[in-house]
Structures are given as structure tokens and as C-alpha cells.
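Single-letter residue listing:
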Amino acid sequence: MSALSELGSLRKQKGQASRSPLEKNDGKYAMFFLGPWLIGLVLITAGPLLASLYLSFTDYDLLSDPEVIGVENYRAMLEDPRLLTSLRVTFTYVFVSVPLQLIAALGLALLLDRGMRGLALYRSVFYLPSLLGGSVAIAILWRQIFGTSGLVNQFLGLFGVDGPGWVSHPDYALDTLIILNVWTFGAPMIIFLAGLRQIPEMYYEAAAIDGATKLRQFWSITIPMLTPIIFFNLVLQFIGAFQSFTPAFVVSGGTGGPADSTLFYTLYLYQQGFTNLDMGYASAMAWLLLAIIAVLTALNFFLSKYWVFYND
Amino acid sequence: MRTTLRTTDRPRRRLITMATVLTAGSLALAGCGQADNLAENSGEEPAAEGGDCEQAELRYAWWGSDVRHQLNQEVIDAFEAENPDITITPDFTDWAGYWDKLATGVAGGDTPDILMQEERYLRDYAERGVIANLDDYDIATDAIDENILAAGQTDGALYGIPTGVNVYSVLANPAVFEQAGVPMPDDTTWSWDDFQETAIAIGQTDGLFGMQDHGYNEPGFMVFARQNGEQLYTEDGELGYQDETLVEWWEIALNLQRNGGQPSASETVEIQSLGPEQSLLGTNRGAMGAWWTNQLTAIETAAGTELELLRWPGESQGERTGMYFKPAMYISMSADTECPDAAAAFIDFMVNSETAGELLLSDRGLPANTDVRAAIADDLSPSEKKAADFIADLEDEIIDGTPVPPIGAGEVAAILDRYNNEVLFERMTPQDAAEQFRSEVEAAIG
Chain A
145 MSALSELGSL RKQKGQASRS PLEKNDGKYA MFFLGPWLIG LVLITAGPLL
195 ASLYLSFTDY DLLSDPEVIG VENYRAMLED PRLLTSLRVT FTYVFVSVPL
245 QLIAALGLAL LLDRGMRGLA LYRSVFYLPS LLGGSVAIAI LWRQIFGTSG
295 LVNQFLGLFG VDGPGWVSHP DYALDTLIIL NVWTFGAPMI IFLAGLRQIP
345 EMYYEAAAID GATKLRQFWS ITIPMLTPII FFNLVLQFIG AFQSFTPAFV
395 VSGGTGGPAD STLFYTLYLY QQGFTNLDMG YASAMAWLLL AIIAVLTALN
445 FFLSKYWVFY ND
Chain B
120 MRTTLRTTDR PRRRLITMAT VLTAGSLALA GCGQADNLAE NSGEEPAAEG
170 GDCEQAELRY AWWGSDVRHQ LNQEVIDAFE AENPDITITP DFTDWAGYWD
220 KLATGVAGGD TPDILMQEER YLRDYAERGV IANLDDYDIA TDAIDENILA
270 AGQTDGALYG IPTGVNVYSV LANPAVFEQA GVPMPDDTTW SWDDFQETAI
320 AIGQTDGLFG MQDHGYNEPG FMVFARQNGE QLYTEDGELG YQDETLVEWW
370 EIALNLQRNG GQPSASETVE IQSLGPEQSL LGTNRGAMGA WWTNQLTAIE
420 TAAGTELELL RWPGESQGER TGMYFKPAMY ISMSADTECP DAAAAFIDFM
470 VNSETAGELL LSDRGLPANT DVRAAIADDL SPSEKKAADF IADLEDEIID
520 GTPVPPIGAG EVAAILDRYN NEVLFERMTP QDAAEQFRSE VEAAIG
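Chains A and B are the protein sequences, given in the same order.
Following this note's numbering from start to finish, the first sequence increments by one per residue and tops out at 456.
Following this note's numbering from start to finish, the second sequence increments by one per residue and tops out at 565.
Bound conformation, chain A alone (with noise of 0.2 Å):
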């Protein structure tokens, strides 16, 4: 207290014109706490990635030093059939997953905001898988579990169903992995619950005693009022089904495989990048994919004009 009086005092002293020393030292500071983060993001971050942009204009083995070749590998990308294997192998699995793995994640928000007797503990159970899924012990514990003598066939077996080695079929690959993804719905769930938390009881109350079903006040309170909750989530796992890797190499080893059928985009690049030792390829490949998602960010965003309601 009497810290900010002094500096008020000390404001009114030297008047509007000038800003006070401390004012002035605060920049300094700021650029002093910023500094560890700035310099991380220029050498980590922005450093490679300007790297990646010129090496996508050249062509890059690695071995050899880079040579400058325009927008070849841009072109060549128009003629690659797996590539455009690996943009339907993601934007299925992006399409599919990610919807499916924010209403799961709503559903259990639902019910665990109702409050019940170890609340704490279910939320931090259903939790647990986005703490895991994307480790490689949980992608080989997949290949177990949906393997031809895996736990999947051994249960559909008590009703006389012999099911397919799901993970090595080139039908059905891609599914268990968009399964895996939406197994790890806990961190949209918990944006879901803090949401839930965030609107008023009383609208609940109003509408019930205007007569309205827990249907009714689910659609016409509970939705609009989480939209942008929704949006929030719905942003973010895009983002992050699009650069998914780490399933997609441990379940196929590393092939994309069977017959391509988990050829996950980032996948494909790093194939290109360090199998086939064409870096230049690889890196025009990582700013064709920062370009889409952009452009799905950007719609995303725009579209979000239309059903996302902030109640202002």
C-alpha cells in the first residue's frame, strides 16, 4: 500500500510529461526475463525454420552441401502419388478423429460435472490417457491389443466372431489409430469441465422453471454456452491430429505400412527427410503442411463467426 502511494506520489512529482525511472527500467526488465525465451525461440525455433524454408527450395541429401533448384520440389509434390496417399491418410484421420474425440470428451465432461463421490479421482483416470497416448509404450501396447491374438479378437471370439489382425490390415490400420486418438480425450475434457463450471446456475433454474426438459436445456444453454470452449478445443486438436506422428511410427515401424495405410503426412516427411535423404523435398513438404493448416486454422476461424456465441 504504501509502496503504490509512493509511486503515486512520485508520478504526480514529476509530472505527466515524463514517465517516472522505474517506468523506464521496466522495458529493460522485461527484455531481461524475456530474454532465455527470446533467444529459445530465435536459435530453436525460428533459426531452422527459416533453415526449412530455404532448403525447400533446393535440393538437400544431406551429405552433400544444398543446391538451389527454385520451386522443384514444390512441383514434384504435384506428381507424388504417395503424397497424396499420405494428405488422405491425415484428412481422414483428422476429420474423423477429432470430432469424435471432443464429444467424448464432452459426454464425460457431462457426467463428471455432476458431481459425484470420488469425482477427483474418475477425473484424473479419465485423464490418464492424454498423458500416455502419444507415448511409444501406449502405440506398442496398440499393436498388442489389436493384433490378431490380441485382446480385441480374443473378446469378439466368446461370440463367435474371428476378427482380422486389426492393426496389420490395410483396412482397418488407420481406425485403431483414430481410435488411439480419441482414447485421449482428457485435456479437451477438462477444458470442457472448467467450461461447464463457467455458466451461470441460474439460467439452469430460469429454464426450469419456464418448464424446459434436461434435453432441452442441454441444447439451448449448455452448447451455446460452451461454444467457444468447443472452438478453443476444436482449434487446438486440429492442430495437433495434423502433426501426429508418434502412433503412426511405432504401429507400422516407422513404413506407413500396411500397404501405406497409416502413411501419416509428417510420417512421409520424415521418410523423405531421413530415409530417402532428400531433405530439400522434406522441408518444402513441412511448409505445405504449415500452409494447410493456416488455411484450416483461418476457415476455422471464420466459420466460427457463425456458430460460436460469446453471450455479449
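Careful, some of the hints might be misleading.
[As the list claims (entries may be wrong)] Computed far set for chain A versus chain B, every beta-carbon distance over 12 Å:
1) Gly171
2) Ala174
3) Leu207
4) Thr236
5) Phe239
6) Leu285
7) Gln298
8) Phe303
9) Trp310
10) Leu421
[Said to hold, decoys possible] Derived contacts from chain A toward chain B, CB cut-off under 7 Å, selection only:
11) Gly304
12) Pro308
13) Ala403
[To be verified] Ranges between beta-carbon positions, derived for each pair:
14) A/Thr236 with B/Arg377: 48 to 58 Å
15) B/Pro302 with A/Leu276: 33 to 43 Å
16) A/Gly191 with B/Ala276: 44 to 54 Å
17) B/Gly394 with A/Tyr198: 35 to 45 Å
Treat the hints as calculated values from the structure; they're not laboratory data.
We put the CB at the ideal spot given by N, CA and C, even for glycine.
Fit chain B to the supplied structure of chain A, relying on the hints for placement.
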């Protein structure tokens, strides 16, 4: 009440929008940062001339199992004891990580002084001037079989010294044959038809398969092509086989798959991802499989029974024999090393000294140096001995080695595996797959 809602909700809106934008942006940036975290290519130093380093400090990079790390360390210790002025630092990873790490290291101007190479990458590194021509250094190669040594040469210069010899062969489990009531074939005379009949006959027994799929791997196809007087790669680094040959190769596997001689396509994919120990042979579910001679020990251990090494079918019917000695791996030297003479001395020690031979035994295939191979014959385990005898028996039948694969050959294994899957899942006919395989491989090695 309304007013309070408004005032609290406005910042909330801005906050959420801000948070969304910021998080989205930083996620996208971070993602790209990870994907493109490349080392910039630093200007390569020209190769150091001469090499009189009084105190040489060298780095030696290899891939492999824990057993190999242990063995290599013992070799390094033995060498350092004899050469007190040379220090060798080990640098090792697993197979897949090795090539990523090596390529990135080279890009950063940090090539290991001494490094392990493999035939599919040798030319990549040789023609781009990363590894040195070993003819220029004092390393004895006269005790190494000519055919094998030739596999380390490209354009007449020696870029890698083969450490050991492997043969791609058919491993068979006599116990499974017996269980199925099928006689073991005579591998000196059997044809591809005999092979298919045998495998399918074994598959008639519940729970047993005749063969693990062999269509996915280039070495097997190389044998097959050579039997037809063709080859996968020519000396000039081009494709040297007819599409019909590849079609025929895949049709054998399809025939087995359709008639129970080998597992279903998705089981095949699954088994192949698991490695030698979990293979059909390793788990006593299959009678035969295509493996390298140096994998015999691991698979015998896993199966807990004695296995036999067989020649590929068709060796006596084709235009010529197709089997070949393959250098298990090569030792190469960086073209940039500051102490080439010291590095050469270490390579010479690994290849030619009995001390190193006794330590390494057949870890890198049977020693390529025939004197060392003879000297360690008594130290080999029974299964290593079996492989050694098998290789000795083939000495007269094998005509020549295979040329060093062209630049880009590292991609071909994955391409062949992919089209093999397309064929096994019957999503493509062998004809279409063979055509597309050719065009994709030509693009990769072109």
C-alpha cells in the same frame, strides 16, 4: 445482475479468442520447428593430408545389439593396449537410429572417423565424398575373398572393407517337418515347385505353416533373379531384371498364401514386425523361413531346437546358381578424419588381427579374412559352426557377388515391402505391382 455478467463476459471472450490464437500459433510453430529441426550444412573441410598425429583421438560409430557394443568395446581396449597413442571413442545406436544420426552428423560436419556401413548406403556415402578411398592407406586386404572385397568397391576404389560374410538361405526346422509328416527336402536338387508343394503340404496340419512370407525382401528376389540369369541391380546401378521375373516371384508367395502354405496377409504383416525371435520358426509354428546365416543362433535359441540351413530352391534348375555371399557390413573411414593413418591402423586391426577375430567371432558374419576365419574355427559355438560349414560348402557353387547397389537403394527395401503387401492383400495384381515397383524404384535410384 446483467451488468455483472456483461463485464465479466467481455474479457472472457477476448481471453478465449486470444488463448485460441496464441496456442494455435505456437503449436503450429512448434510443430514445424520439430519437423524441420535440421542442422545447417557447414562447409566441409577438405580431407586432411598426411596424418602424422602424435596423439590421435578417433570416434568409431556402429549400430547393433548390446552384445555387439560389449564386443566392440573389448576390441577397442585391445587395440588401445597395443597402440597407446591412439584413443578410440565408441558411438553406437540401434540400426534405424544409426542412419538418421549418421546423416545428420555428416550434415553438421561431424562425421565419425571410423564408421560401419551397409551395402545399400555405401554408394550414397562414397559418391558424395563422405567416406575415404581405403586403397590409399596401409590396410592389408589380400586375405579377403575377392568376391567379397569387390562388394566394397565402387568405380574401382575401395570404400568399405567387408567385415564378414553372410548368406541368405532357407532355415528349416526338422521337428516341424516331422510333426507334419512331410519329409525334409534335398536342398541340392529341389525346385521351386518342390518347395511350394512341401510348404503347402505342411500347411495342411492345423496350427502349422510351411513358410514365412519371403516375397518382401530384396535379397530373396536377388537370388531368384540371378537363377534366371538376371539381377536386381546391374554394375551401372540400373535395374537388371524382367517384370515377369518379379511377377513369378510374387505368384509363388500368393500360391502359398492361398493354399495354407503361409499365413494370411495380415498375420504376415504382424509376424514380420516382430523380428527373428517371434518369427514362425522362432515360435515353432513354421517349418521354413528366409534368414541370414548370422541369424541362426538367435532363432535356434528362441525355438529351443536345432535348425538346418538349406539352399534356396531352384539352385540346380536355373540358368545358374543365385545364392551369393553378402558382406554383413563394412568398415569405412571418414574422408575428413584428421588422423587417417591412425584410423587405418584400427581398421587393419579389426579386419586382420586374430585378437579382434577371437573377440568378435561371427557377430558381424563369419570373418571375411579367411586366415582369421580358420584361426577362430574352434572357438565358434555349434550353431556358428553350422553356419560356417554351410558357407564353406557353398564356396564352389557361388559364382560371383552382387554389385554395390546404386544411390537410393536404401529406399528400395521399403518400396518392395509395400508392393508385396499390396499383392498379398490382393489389392493389386502382381503385374500391376511389378510395373509400379519398377517406376518407383527407377525414380528413387535415378
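Would the hint on A/Gly304 stand, with a C-beta cut-off of 7 Å toward chain B? Violated: closest Cβ of chain B sits about 19 Å from A/Gly304, beyond 7 Å.
Can you tell me whether the CB distance of A/Thr236 to B/Arg377 sits inside 48 to 58 Å? violated, 30 Å
Please check whether the beta-carbon of A/Phe239 is more than 12 Å away from every beta-carbon in chain B. The claim holds: A/Phe239 sits with its nearest Cβ about 17 Å from chain B, beyond 12 Å.
Status of the stated non-contact between A/Gly171 and chain B (beta carbon gap over 12 Å): holds, 22 Å
Are B/Pro302 and A/Leu276 spaced within 33 to 43 Å by their CB atoms? violated, 51 Å
Have a go at the A/Pro308 hint: is there a Cβ in chain B nearer than 7 Å to its own Cβ? holds, 5 Å
Beyond 12 Å from every chain B Cβ - status for A/Leu207: violated, 4 Å
A/Ala174 clear of chain B by more than 12 Å, beta carbon to beta carbon? holds, 18 Å
Given A/Ala403 as an interface hint, is its Cβ closer than 7 Å to any Cβ of chain B? Holds, because the Cβ-Cβ distance from A/Ala403 to chain B comes to roughly 4 Å (cut-off 7 Å).
For A/Gly191 and B/Ala276, compare the CB-CB distance with the range 44 to 54 Å and indicate the outcome. violated, 38 Å
Does A/Gln298 clear chain B by more than 12 Å, comparing its Cβ with all Cβ atoms of that chain? holds, 15 Å
Taking C-beta pairs only, is A/Leu421 more than 12 Å away from all of chain B? Check fails; 6 Å does not lie beyond 12 Å.
When each numbered hint is compared with the structure, violations occur for hints 3, 9, 10, 11, 14, 15, 16.
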